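A.B. asks: Chains as they are written, first to last, in our numbering: chain A, 1 to 111; chain B, 112 to 227.
Bear in mind the hints are in silico, worked out from the structure with no lab data behind them. Remember, it's a predicted structure, so these values are computed and weren't measured experimentally. No residue lacks a Cβ here, since even glycine has one placed at the ideal position from N, Cα and C. Among the hints, a few may not be true.
Sample of chain B residues with no beta-carbon within 12 Å of chain A, all distances over it, derived [claimed, not checked]:
1. Asn128
2. Lys130
3. Asn137
4. Pro172
5. Ile226
Between beta-carbon pairs, the in silico distance windows are [said to hold, decoys possible]:
6. Arg59/A with Asp149/B: 26 to 36 Å
7. Ser81/A with Val123/B: 23 to 33 Å
8. Asn190/B with Arg110/A: 42 to 52 Å
9. Thr118/B with Asn65/A: 37 to 47 Å
10. Val123/B with Arg1/A: 29 to 39 Å
11. Leu46/A with Pro172/B: 28 to 38 Å
12. Gly139/B with Tyr51/A: 17 to 27 Å
13. Gly9/A with Thr124/B: 26 to 36 Å
14. Arg76/A with Gly139/B: 27 to 37 Å
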Amino acid sequence: RKEVEQDPGPFNVPEGATVAFNCTYSNSASQSFFWYRQDCRKEPKLLMSVYSSGNEDGRFTAQLNRASQYISLLIRDSKLSDSATYLCVVNPSSNDYKLSFGAGTTVTVRA
Amino acid sequence: DTAVSQTPKYLVTQMGNDKSIKCEQNLGHDTMYWYKQDSKKFLKIMFSYNNKELIINETVPNRFSPKSPDKAHLNLHINSLELGDSAVYFCASSQDPAGGYNQPQHFGDGTRLSIL
Numbered sequence: 001r002k003e004v005e006q007d008p009g010p011f012n013v014p015e016g017a018t019v020a021f022n023c024t025y026s027n028s029a030s031q032s033f034f035w036y037r038q039d040c041r042k043e044p045k046l047l048m049s050v051y052s053s054g055n056e057d058g059r060f061t062a063q064l065n066r067a068s069q070y071i072s073l074l075i076r077d078s079k080l081s082d083s084a085t086y087l088c089v090v091n092p093s094s095n096d097y098k099l100s101f102g103a104g105t106t107v108t109v110r111a
Numbered sequence: 112d113t114a115v116s117q118t119p120k121y122l123v124t125q126m127g128n129d130k131s132i133k134c135e136q137n138l139g140h141d142t143m144y145w146y147k148q149d150s151k152k153f154l155k156i157m158f159s160y161n162n163k164e165l166i167i168n169e170t171v172p173n174r175f176s177p178k179s180p181d182k183a184h185l186n187l188h189i190n191s192l193e194l195g196d197s198a199v200y201f202c203a204s205s206q207d208p209a210g211g212y213n214q215p216q217h218f219g220d221g222t223r224l225s226i227l
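Isolated chain A, as found in the complex (with noise of 0.2 Å):
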């Protein structure tokens, strides 16, 4: 099983649609949850960090479910910029240091 696995998508919405997808990980030990996203050709770019209680930044909301081993990020009134690969990273082992990608989640929004 992979350390982190994501619904590749594509998940095509109209603007102002409310869109959302999860991450599954497998070490149940993990204790730190990203969500960075990846424009075309471009770096990372951090979105959130994902808390324990769940959080909101703005129109993006993540939450964490430890007993079902998944993350999730929700975005409400898509914006065409939201268009990008939504990445999912968690740290994998006891190692501090490493942290694990997931391949992305793509999400295009459309006028």
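Please arrange chain B on chain A, whose structure you already have, making use of the hints.
C.D. replies: Just chain B, lined up with the frame of chain A:
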């Protein structure tokens, strides 16, 4: 005021050559990383240095050799380049983990390596 900068941005070279990619960060981080992102878009960790000491060394051919002259720099030298080395190589840096939690990593804008 670029945070993590890598050079060159593009590198086109022939099979069998030796090349280096340089990375520098001005964030004051102690830890730096090299990742490879291939055509399937998977971002794979290759190496990590913490304060000039190697702490992560994944299964990477020994043609790849990282060097960290100081904690703000992490270079990657590749010997005898092969077709399969074509990919985007990203440098990143982070603060040390705190309270058992990883800190986010900040990425450079990548070096696109193409082997002819």
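A.B. asks: Indicate, hint by hint, whether the structure satisfies it.
C.D. replies: Hint by hint, here is what the structure shows:
{"no.": "1", "hint": "Asn128", "in the structure": "holds (24 Å)"}
{"no.": "2", "hint": "Lys130", "in the structure": "holds (20 Å)"}
{"no.": "3", "hint": "Asn137", "in the structure": "holds (16 Å)"}
{"no.": "4", "hint": "Pro172", "in the structure": "holds (19 Å)"}
{"no.": "5", "hint": "Ile226", "in the structure": "holds (18 Å)"}
{"no.": "6", "hint": "Arg59/A with Asp149/B: 26 to 36 Å", "in the structure": "holds (32 Å)"}
{"no.": "7", "hint": "Ser81/A with Val123/B: 23 to 33 Å", "in the structure": "holds (31 Å)"}
{"no.": "8", "hint": "Asn190/B with Arg110/A: 42 to 52 Å", "in the structure": "holds (46 Å)"}
{"no.": "9", "hint": "Thr118/B with Asn65/A: 37 to 47 Å", "in the structure": "holds (42 Å)"}
{"no.": "10", "hint": "Val123/B with Arg1/A: 29 to 39 Å", "in the structure": "holds (38 Å)"}
{"no.": "11", "hint": "Leu46/A with Pro172/B: 28 to 38 Å", "in the structure": "holds (30 Å)"}
{"no.": "12", "hint": "Gly139/B with Tyr51/A: 17 to 27 Å", "in the structure": "holds (25 Å)"}
{"no.": "13", "hint": "Gly9/A with Thr124/B: 26 to 36 Å", "in the structure": "holds (34 Å)"}
{"no.": "14", "hint": "Arg76/A with Gly139/B: 27 to 37 Å", "in the structure": "holds (35 Å)"}
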